[in-house]
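Protein sequences appear in the order of chains R and P. Per this note's numbering, numbering of the first sequence is gapless, rising by one per residue and ending at 438. Per this note's numbering, numbering of the second sequence is gapless, rising by one per residue and ending at 438.
Hints listed in this document are in silico derivations from the structure and should not be mistaken for laboratory results. Be aware that one or more of the hints could be misleading.
Since the list can't tell identical chains apart, any single copy or any two copies may satisfy a pair.
Pairs of lysine-lysine, DSS-like flavour, derived with a Cα cap of 30 Å [what the hints assert, rightly or not]:
#1 K393 with K151
#2 K151 with K188
#3 K52 with K186
Protein chains: 2
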Amino acid sequence: MPIVKGPQVFPRAEFLSRLAAVKSEMERLEIDTLIVGNQTDINYLTGYTAKSAYVPQALVVSLKEEEPTFVLRRQDAPAAVHLTFMDRSKVIAYPETLIGNPDKDGFDAVIDFVNELDDAPRRGIGLQLGYLSIQSAEKFKSRLPNARIVDCTYSIAWIRMIKSDLEIAMMRDAAAIADAGILKASEVIRPGVREADVIAEIVAQLARGANGKAGTDLAPLYLCSSPRTGTCHIRWSEDVIRDGSQINLEIAGIRHGYVSAIMRTFSVGAPSDRLRRLHDAEVLGLEAAVASARPGATCSDVANAFYRTIEKSGFQKDSRCGYDIGIDWSEPCCASLQDGDMTVLKPNMTFHLMLGNWVDEDFGYIISETIRVTDSGCEVLTKSPRQLFEL
Amino acid sequence: MPIVKGPQVFPRAEFLSRLAAVKSEMERLEIDTLIVGNQTDINYLTGYTAKSAYVPQALVVSLKEEEPTFVLRRQDAPAAVHLTFMDRSKVIAYPETLIGNPDKDGFDAVIDFVNELDDAPRRGIGLQLGYLSIQSAEKFKSRLPNARIVDCTYSIAWIRMIKSDLEIAMMRDAAAIADAGILKASEVIRPGVREADVIAEIVAQLARGANGKAGTDLAPLYLCSSPRTGTCHIRWSEDVIRDGSQINLEIAGIRHGYVSAIMRTFSVGAPSDRLRRLHDAEVLGLEAAVASARPGATCSDVANAFYRTIEKSGFQKDSRCGYDIGIDWSEPCCASLQDGDMTVLKPNMTFHLMLGNWVDEDFGYIISETIRVTDSGCEVLTKSPRQLFEL
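Only chain R is shown next, with the shape it has when bound in the complex (with noise of 0.2 Å):
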C-alpha cells in the first residue's frame, strides 16, 4: 500500500517561496539545475526531517518544474512521501544495490536522473561542491561532461539565513523547550547526583518538550563540569557532582528540524570570586550585544559589543561571539559574530549568542541566547534567567 502523506509542518506556499527565492539566485548564475545534496537544505527545500543523508542522496531543483525532485535511496523513499510537501511522483527511489557497491552510488542515481531531464546536461548546472567527496564531485563532472557546474555551495544557506515567520515561530517554540532543558538542569544539579543522571533528566526533558510542544529530536548536549569547566564539546564525565562544583551546560530544543541552543553555567554552592565576577562581565557583555544587534548593524558590531564591554571588567574572550542558528543547529557558518565579519544584520536573521569564554584551561564560563533580529532590534527567543545557577 502506499504510504500517507504526514501532517505537514509548513503550508506548501511556504515551500514555494523558498523555493522561488532559490529559482531567483539560480537565474543569476544562470543554471538551470541545481543538486543539493546538504541535509539541512534538503530539510529547508523539501520538509524532510529523517536522517539519511549518511548515504547519497539528493534534491534536484529545476528551472522547469514547480516541484523539486527528490532522488534517495529505495528505503527512505516512503519517509520522503510521508513527510515533504511534493508529490509522491517526486520522489525517485534508487535500489540498494547501489549501497556498499564499489562501482556506484546513489549519486549515480541522481546523475542518470539529471541526464534524462530534457536539455540539462547541456547548460549551467549547479552543485554543492563544497560538501562533496573529491571522489563525488570527480564523478559529476565526468557523468555531466557538457554541462557548465557552477559552485552552489552556500547558496541555499544564505537565503535561508533570513527566516519565515513561521520558522521563527517554530524557532520560539525550539527555545521554550532549551528554556525547560536548563529548568530541569536547576532542579537536578545536586551534589551526589552523576553527571549520567542529570542528563537523563535533561534529555527526557528535551524529548517531553514545553507548552504542548513535544522535543522532535535531541541535539548534542554538553556538559563540562569541574575540573572540565575550561574544555566545551565534551558530552559528559563519569563523575558525580560534587559540593563546589562547576557545571557549564550547553542544550538546545528542536521543532522540526529547528533548533534554538541556549548555555548556562551552574555552581554548587557559592562561585568563586572569579566566577562571579567573570559572570557578571559577561551578562553585562551580553545585554550590550544584544542592545546592538538591529537591522544594519554587522555581526562585526554585535562581537564588539561584547569584547569592548567584558575589556571593562578586565576580561577578553579569544573566540567569536556566535553563528546563525536554524536547520541542525549550526547553519554552514555564513555569518560569524566576530570582528571583522561585515554580514549586515536583517530582520529575522537567527543567531545562537555564544558567549562561552574558556580563559584557562582549566577554568571557563559559559552563557548563551538565541536571538532573532527584529525590524528595529532584537528579540531573545530563550527566556532562561541570566543568572549563574546557585545550588
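Since the structure of chain R is provided, determine the placement of chain P on it from the hints.
For chain P alone, coordinates are given in the frame of chain R:
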C-alpha cells in the same frame, strides 16, 4: 592553571598497540607522516571523544614519534589534554582567528606543523582524501608541494574493524545499555502515550546506562510507528500511541565512543497475521545468520544465510543485512553484510546485524543484534528477547 589528565579509559599500551598497527601500514605504503582528520579514527588512536570535528582538526602520526600530535582549535585543546593518552606537549592549539576566517582555517595550522617536521614534506604523506572537501584537499596538495600524497581514507578503518578485547568489553557494556533501552520501551509503550514521552523514557535510560555503567553519549534513535512502519530514519512523530499501533524502534547504547545497536518491533494489541509471519521468518533468518558468522566465512555468506532462510517463508529483503559497527555507530562501511561482499570475517570483528525489512511503502518490520565474531563462531552482544513485543 593546566588542566589535569582525566581518568583514562584504556591503558597506554592499548593505544600504542593500535598505533603500531597504523605505523606498520604506513611503512607498507611508504609514508612517514599520516594526517588523520576523521573524528572516529582520532578517537580510536587517542581516546579523544569530544565533538569538535565540525571545525578542521587533525591528528598527525609520524613514524619517528611514539605518540601522535593532535592539532586542533584553541578552545578544544584542553579537552584533548584531558581525554587523550598523549603527553600535553602533543596537543597543539591553533588560534581562534582561524575560525570563520575566509582566508585560512585550521588545516593551515596542520600543514604548518607538518612542514616543520624534519624532512616530512619531501617524503610520502598520507591524507584521508575521502573526508576532505575539494578545497581542503587542494590546500594540502598545494601547501605540501614536494610530498608524495597517498590516499589513506580507509587505512585506519580497516585496522580498527578488528577490536581488541578491551574494545569488545566496552561494546558489551554498550550492548547492555541498549538492552536496558529496549526493556524500558516495553514498559512505557502504551496506548495514549505520546511518542515523544516514550522517547523521553528510553533516552533517559540510555543516559543512565546499565549495571552501574552510565551511557557516555547518546546515539540517534528512531521510532517509526503506524502508519510509518515502512520508513526507517524518522526520529519519531507527534502522534500518540494507539490501540493497534505497531512501533519499530532502533536505539543504541554508547560507552566511551563505542556503540552497540539494537532494533525491536512492538505491537500494541495483537499483531496482524502478516506481521507475525514476517517476525517468525526474520527470527529464523537471524538465527541462521548468527549460526553462519564465524572466522573464514564472508560477509556475503552471512547475508545469504539470512536471505535464503526468509525466502522459505515467502519473504525477501532487498537491502543489506548490516555493516561493521564500533566507534560512532557505523564504521566507514568497509564491510557490508550483503551478497557479493567477500570480506572474510575474523575474530573480534563486530557487526550490526541489521535485518530491518521495509517490505512495502506502509509496512516494515525491524529486528537487529550487535554481534562479535569469536574464535570459532559468533557472540551476540545484545541480549534482549527476540520477540515481537505485544503490549
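Consistency of the hints with the structure:
1. K393 with K151: between (44 Å within a copy, 27 Å between copies)
2. K151 with K188: both (15 Å within a copy, 27 Å between copies)
3. K52 with K186: neither (34 Å within a copy, 45 Å between copies)
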